[in-house]
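Participant: One letter stands for each residue in the lines below.
2 protein chains.
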Amino acid sequence: MIGHSCFGNDAWNLPEQRLELELLPHTESLFALSNGHIGWRGTLDEGEPHGLPGTYLNGVHELHPLPYAEAGYGYPESGQTVINVTNGKIIRLMVDDEPFDVRYGTLVSHERCLDLKSGVLRRDVVWTSPTGRTVRIRSTRLVSLTQRAIAAVRYEVEPLDGPARIVLQSELVANEELPHRHDDPRAAAMLQDPLVNDIHSIGDTRITLVHTVRHSGLRVAAAMDHTIELVTKNDGEHSDPDALGVHIEAEADLGRYTVGGVVQPGQTVRLTKFVAYGWSATRSLPAMRDQVDGALAVAMLGMGWDTLCAEQRDCLAEFWERSDVEIEGDADIQQAVRFALFQLLQSARRAEQRAIPAKGLTGSGYDGHAFWDTESFVLHVLTYVDAPSVAHALRWRHSTLPTARERAAQLGLKGCAFPWRTITGQECSAYWPAGTAAFHIDADIADAVIRYLRVTGDVEFAHKEGMELLVETARLWQSLGHMDEAGAFRIAGVTGPDEYSAIVDNNIYTNLMAQQNLLRAADVVDHHPGHAATLGASAAESAAWRKSANAMFIPYDEMRDVHPQSDGFTDHELWDFENTPPEHYPLLLRYPYFQLYRKQVVKQADLVLALHMRSDAFTLEQKQRDFDYYEPLTVRDSSLSACSQAVVAAEVGCTQLAYDYLAEAALMDIDDLERNTSDGLHLASLAGAWIALVDGFGGLRHTDDGLSFAPQLPKGWTRLCFGLVLGDGHLRVDVRPDDVEYLYSGKEPYEVRHGDTLLRLEPGTPVTRPLTPPKERPGPSQPAGRAPLRRAHDVVRATT
Amino acid sequence: MIGHSCFGNDAWNLPEQRLELELLPHTESLFALSNGHIGWRGTLDEGEPHGLPGTYLNGVHELHPLPYAEAGYGYPESGQTVINVTNGKIIRLMVDDEPFDVRYGTLVSHERCLDLKSGVLRRDVVWTSPTGRTVRIRSTRLVSLTQRAIAAVRYEVEPLDGPARIVLQSELVANEELPHRHDDPRAAAMLQDPLVNDIHSIGDTRITLVHTVRHSGLRVAAAMDHTIELVTKNDGEHSDPDALGVHIEAEADLGRYTVGGVVQPGQTVRLTKFVAYGWSATRSLPAMRDQVDGALAVAMLGMGWDTLCAEQRDCLAEFWERSDVEIEGDADIQQAVRFALFQLLQSARRAEQRAIPAKGLTGSGYDGHAFWDTESFVLHVLTYVDAPSVAHALRWRHSTLPTARERAAQLGLKGCAFPWRTITGQECSAYWPAGTAAFHIDADIADAVIRYLRVTGDVEFAHKEGMELLVETARLWQSLGHMDEAGAFRIAGVTGPDEYSAIVDNNIYTNLMAQQNLLRAADVVDHHPGHAATLGASAAESAAWRKSANAMFIPYDEMRDVHPQSDGFTDHELWDFENTPPEHYPLLLRYPYFQLYRKQVVKQADLVLALHMRSDAFTLEQKQRDFDYYEPLTVRDSSLSACSQAVVAAEVGCTQLAYDYLAEAALMDIDDLERNTSDGLHLASLAGAWIALVDGFGGLRHTDDGLSFAPQLPKGWTRLCFGLVLGDGHLRVDVRPDDVEYLYSGKEPYEVRHGDTLLRLEPGTPVTRPLTPPKERPGPSQPAGRAPLRRAHDVVRATT
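Sequences listed follow chains A and B, in order.
Note that the first sequence covers residues 3 to 802 in my numbering.
Note that the second sequence covers residues 3 to 802 in my numbering.
Everything labelled a hint here was simulated from the structure, so no lab data went into it.
Since the model is a prediction, treat every value here as computed from it, not as a measurement.
Hints should not be assumed to be uniformly reliable.
Note that the list lumps identical chains together, so a pair holds whenever it fits in one copy or between two copies.
As the list claims (entries may be wrong) - Think about it this way: if two alpha-carbon atoms lie no more than 25 Å apart in a straight line, the pair counts; the simulated SDA-like pairs of lysine to any residue are: (1) Lys416 with Glu580; (2) Lys749 with Ser80; (3) Lys549 with Leu576; (4) Lys416 with Leu576; (5) Lys119 with Glu313.
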C-alpha cells in the first residue's frame, strides 16, 4: 500500500493532489483537525460523499448495555461509545441550482493540503457544473489550538467563466445518518440518533443547538456564526455583501444559514464560519447556551479569522521550534514524523483532563476508548515535546482513581485497577482475558508518571497526583502478586501486551514494569513521608514493596537460553506460519483465541517491549538472543509493535530491520498499512515513529540515572536531529554520519550519557562525540510474509 | 439441609408425608417422572401452586442468539434451550364450585410417594373446601418406560361427608406462563411463548394439539384421551358414568375435557387420562397427528391403565433384580441409592439416540444441555446396570460426529471436537475458556466407549460407532498436542474438569485421559485394519498415536512432591479460605474468574478425578500425597466432585471421609444440598452415589486387564451388595463386615481381581474372600467450612 500516488511529498505539508473517492474514509482520518477537545474528521465541506462523518467532543459518549450470553461476576455491564455530535463543518454550495458534488459535473482540479506549520486544512477546487458553469472553490478549515471551544471555516467561491447564481448553505446538523459498519470486532459499535434536542435558537447570523445525549445525559451545545464578504479580485476591494440574500432557520436537529445571489467573474463570495462547542454533565441548558455563544463572540467579534489563524501559526511555530525532528536522506520519513508530531499535538494539547483516545478525535474506532496506548506510546513522546499535555492526561487518569479503586475492590485487590478501555474511567472491556487481566496498564501509567517527573521535575504534580498514582498502582501489584515458599514474588493469571497470549503466569514485561512501579513508589514514599502519610503509606509499606520488587520472579528458559514471554511460553507449539496464508492476517479474525493463546505466536512486541522499556534489566547479549527468538514469532497484527521492534533492532545491531520497522510505524496511517485508518488514526503508531527515531536511532533511554543516548544513522541518511524539552531546558541532539552534537539550552548544566560516557553539557555549548554504532548483525527472520517492507534510503514513495 | 422432615425413610419409596409449599420447586424435581423421551416434573395435578411447571420432550428446544459485547472468531452464534412443551398433566378439580387449591380451605392430609418398584407417583389428599365439604383425592401418575410416547394419570375424587358437585377439567396447555428465574448464570434462560399452534382438534374424549417451535421449527404433537368411571365404594361396582355431564373443547393453546356431576359419599369419580407425545423436525402435520393419536389408541384401547401399570412394574422388577444395590446399616443411603438408580434409569431408558441432559428431563436447568456429565458419570454407572441405554446415548454422540468434525475444522483441529454443552450437537457454550477449551470431553466420550465395549463386547456397536468415535477423538488429541524438542507430548491451552482453572498447559487429567484415548484407538485400528481403513485410519496413524501417548507429558512438582493439576498450578497463591465467608460459596457467584483462575482453589475433583479414572497411572503413595494436597484446596462448588473424592478417599484409607462424601453425593438432591435441585436433578451426582459405593467402597476399577475390586465397608455397615450386568452375565458382589462374596451368573467362567488376587468365577459358584481394607489414615482437612457433613452410621435423617 506504500505510495498512494495522490499524496505529495512535502516536508511541512501533507498534500493530496487529486481526489480519489475510494480513499475518502482514509483521508478523512488523515486530514482530521483537532485540538484534543474538538475533533473534526476531514470530510468534504459539502458533507458528501463521505466515508464516515465525524465530529467529536472529547468525553461526549453514549452508554449501552454490554450483553453476555454467559455472565460472570464482575463483568462490566455498561459500555461507553463516542458519538458523532453536531456537525458544524458543513457548507453546501449550489451553482446555478446545481449542488456542488464532486461525483457530478467535471472536477477540473481538486487539491487538499494539511499544513503542518499553519495548522489548517486547505482545499482548492475547480469544478464545472453539469450545466457547464466553472467555479473555483477554496476553503480553509481550522480547529483552534489556542481557543479550545472554537473551530472555523473560510469558504470562497469564484465563478470563472461567467456570472453564476451562488447559494451557500452553512449548517449545523445533529444525528447525521452514519454508514453501516463492518463486523470487525474492533470497529466501533454504532448507536442510532443519540442526541435529543433541547434548544434551537437563531439570531441574525447565529444559530445555537443544545442537545442531551439520550442515555448518558450529557449536554452538548454547538453554535455557529458567520461573516459574509464579496471580494473583487482585481482591486481586492469588498463589494457590498448586502447584494446577497440571506436566510436563517433552525429546527431540532438542523441549523441553516443561507446566502445567495448572482456573482460575477472576478468576484469571490467569502463565507467565514465560526463554530463553538461545549458540553457538560452538570451545567444547565441556559449555561450551556451562554457558554458557546460567549465563545463565539470572543472568536468572531474579539478576534476574527485572521487573528485565529495567526494564533494557530504562532502556537505551532513554538512547538516546531523546540520539538521538530529533522531528517536528511529520507523525505518520506521526514514528512511522516512531522505529520505524526502534529497529530499527537492535536490529540492532546487541549484535552485538558480528558482521556486521549487510541484514535484521538479522528474517528470512532475502538468506540473512542483510551487504552494503555496513551501512557505507553503517546505520553512517552509528549513528555519530551509537549509535557503540559502529559500533565493534563495524567490528571485525567488521576481523576478516575475513585473508579479504579472501586474496580480493584470488586476484583478483590488493593489499590487501583485502571480500566483496559474507557472514556470516563469505567471498565468497558467486555472480554476480561484481554481486558481486566491486562493489569500492566497500571504499571504503564506509573511509568508515564515516572517519566514525566524525571523530565519536568514538576513538584506540584508530584505531590498532588503523581505520588497517589504511584502509591495506588504499587498497592495493586503488592496485592496481585504473592511471595512463594522459595522467596520469589510471582504475578499469576495476567495478560501482557501480546494479545495472542492471555491469562499467563509471570509475564516478564508485566513483572518488570511492576518491579519499577513498586520501587519508584517506595522511593517517593520514603522521600516524602509526611505527604505519603496522608495517603496512608508508611515506611513499612514501602519496605514491603521493595521486598516484592527485589524478589520479582523473572522466568528463564535454560534449555533454549532465552527469556520466555511468560511461564511456559517457549514450551508451546510453534504457530504454523508456513501454512497461514497472507489473507488470514490479522489472525484474530480468522483463528479462535484458544489456538492463538496456546501456541508460540506473538501479536505485538511483549518480551521485546520489555527489552526496550526495561532496557536496564537485560544484558546486550540477552537482548540479542531474545530479539532473535521472538522476531520469527511476531506477526505485528497490532500497530503497537513495529516501533518497539525498531528500537530493539537498532540496539542489537539490526540496523536495516530497525529502519524497516521505523518506516512501518511512521507510514502506518499515511499509507494505510493496516487498512483501517478510516476508523481513525493510530496515535500510538504515530508516536511510534518518533520512538523508533529517538529511542531507536537516537538510542534514548531514560532511567533514574538520567538520559542516555547511543546514536546511529540508517544507511544513506545524513542527518537526524531532534529536540527534547526538559523542564526549563532544551536539548538538541544532532546526529550526523560520523558524529553527534549535543546542545543544551537552559540555566544549569545538564548531564547525559553518550554510550558509556557521561557528558556534562554547559548551556549553549555544543558537545560533539563520534558515533559508535553497534556492530551490525544479520537480522533474524520474521514469520512467512510478515517481514516489514524493506526500505531503501534512496527510494521514496511515488509522487505525482 | 439434611433431613427435610417431610420425607419419610423407606427403602423402596420416596414418600412425602405432608405438603410444604416452599419445597414445591424441590419436590417437583424429586418427583419428576420420565422415560428419557418424555419428562413430567412433579407438579401438583391441579397445576398450581407450582415452582416451575415443566413438561419436556427430549430434543425439543428453541434457538436464540448468543450475544457478545466483544465477538471473537469461532464463537457460537446460536444457543439452544429446552422448552416447556404442552402440559398434559393438569387435572383441575372443583368441589361445589370451589376450585381445589391446597392454599385454600383445609388440607387435612397430603401425602405423595414416588414408588421405585412401581414407577409411579402417588398422591393421597383429604381436603376440606372453604365451604366445608371434605373430599378425598387420589392420583397416580406414570410415564411409561415401556410405551415410549405415553404418560397417564389416574385421578379419583370421593366426597367424604356428604354429596358434592364434582367437576374435573382435564387439560392440555401450551405456552404456560413460567415464573421469572433468578440471575444465576447457571440457571436456564427463559423463552417466551415458543409454541405456535398448527392443529387443535377434538373427538369424543380426545383432544390433539400440534405446535411448531417458533425458531427451531420442530413440530410437537400432544394428545389426550380419557375414560371416566363412577365407582361405588362398598361393592366396588361401577355406577353409570353417564350420570356425569361431559364437555370437550379445544383452541390454539388449550384442550379441555370437562366432566361434572353430583357425587355421593361412597362414590368415587375416577378419571383416567392417557397422554401421548411426539415430535419431529421433518414429519408432516398429519403424520404428527396420526402418530400421537395412534400411540393413544394403543395405550388406552389396546392396553388400558392396568396393563400400563403392570408393564411398568415388570420393567422395574427386571431392573432391580439385576442392578439393585443393597445396604444394611444406613437406611438413608439405601433409599438414596435406589432413588438415584431409578432416576438414572428414567433419564436414559427411552432416550434412544437423544442426549441425556445434565438434569435429565426433570428441569430446565443448564438450558437442558448435555455436558461431559453424561459420559463421565451417568454412563459410567449405566454401563453396569442398563447397558442398552449406554449404547443409545453413545449412538447419539455418534450421530453428532458431522457437527463435531465441523467444529474441529473451524478450530483448526483434526478429528472431532464435541461440544461442551448442547442439545443437538452444536456448541452452545458462549464462554470458551470454560467451554470449547474443555476438550477433555472428547476423552470422556472415548472412555465411555471403552468402558461400554469392555463390559458388553458389543461387536456391532464397536464396528459401527465405537471405532469411529475412538478414531476421531484420537485424531483430535494428535492435532491438539505437540511433541516438543525433548520428545515430550504436550497439550497446551486447555481447561480440565476444575472450572476454577482455565486455559492451562498439561492438565494431568486431560493428558492421561487423552493418553488412554490414543492407545485404545490405536488398538482398535490395529486389530481391525480393514474396518479402520474405511475411516482412513492406517497402521502409520495408530503408530503415531501410540508414540504421542507413550510420550505424554505429566508434570510433577519435585519441590512439593505432588502432581500439579496442570503446569505451574502449585506455584500459584493459595486461595484465602480463612477470609472467605460461607455465604460466598459458590465462589463463581462472588469472585471474578480471573481471581479463581490464578489461585490454588479447586471447584471440583480434577487431579483427584485423574487418580480415580486413571488409577493405573499412579502409585498408592502418590495417590495419598496428591489427595492430601488437593483436599485442602477443593471447595466442591460443583456436584461433580464429592463422588470422585469419595472414591479416592476410600482407596487411600480415609474411610470416614469417603463415607461423608458418599452421603453428600447420594443426598445432593433429596436434601437439596446445593439449593438448586429446583432447576432439576443433578444426574451426575445421583450417578455419583453409585460410583462412591461401587468404585469407592467396592473398589471397582475396570481396565484392559478386566474388573478388579478392593471392597471395604464404612464403619457400622453390615452389608453392601451390588449387581453388575456384564454382557450376557451378571456379577453380584456382596460385601459383609469380614468378607466378600462374588457370585457370577453366565455361560462362561469370569475372571476378576480381588485386590492383587485373580479370581476365576465359575458360573453359579460363589467365591468368598476376606476383606483387606486399606490401612486407615487420618483424613486431610478441607477448606474452612467446606468439609462434607460428618456422617455417623447410626444417625439417620429425622423422620416424622
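Participant: If a hint holds in the structure, say so; if it does not, say that too.
Facilitator: Okay, the hints, checked on the actual structure:
| no. | hint | in the structure |
| --- | --- | --- |
| 1 | Lys416 with Glu580 | between (45 Å within a copy, 18 Å between copies) |
| 2 | Lys749 with Ser80 | neither (51 Å within a copy, 68 Å between copies) |
| 3 | Lys549 with Leu576 | between (36 Å within a copy, 20 Å between copies) |
| 4 | Lys416 with Leu576 | between (37 Å within a copy, 17 Å between copies) |
| 5 | Lys119 with Glu313 | within (11 Å within a copy, 95 Å between copies) |
Checked against the numbered hints given earlier, the structure breaks only hint 2 and satisfies all the rest.
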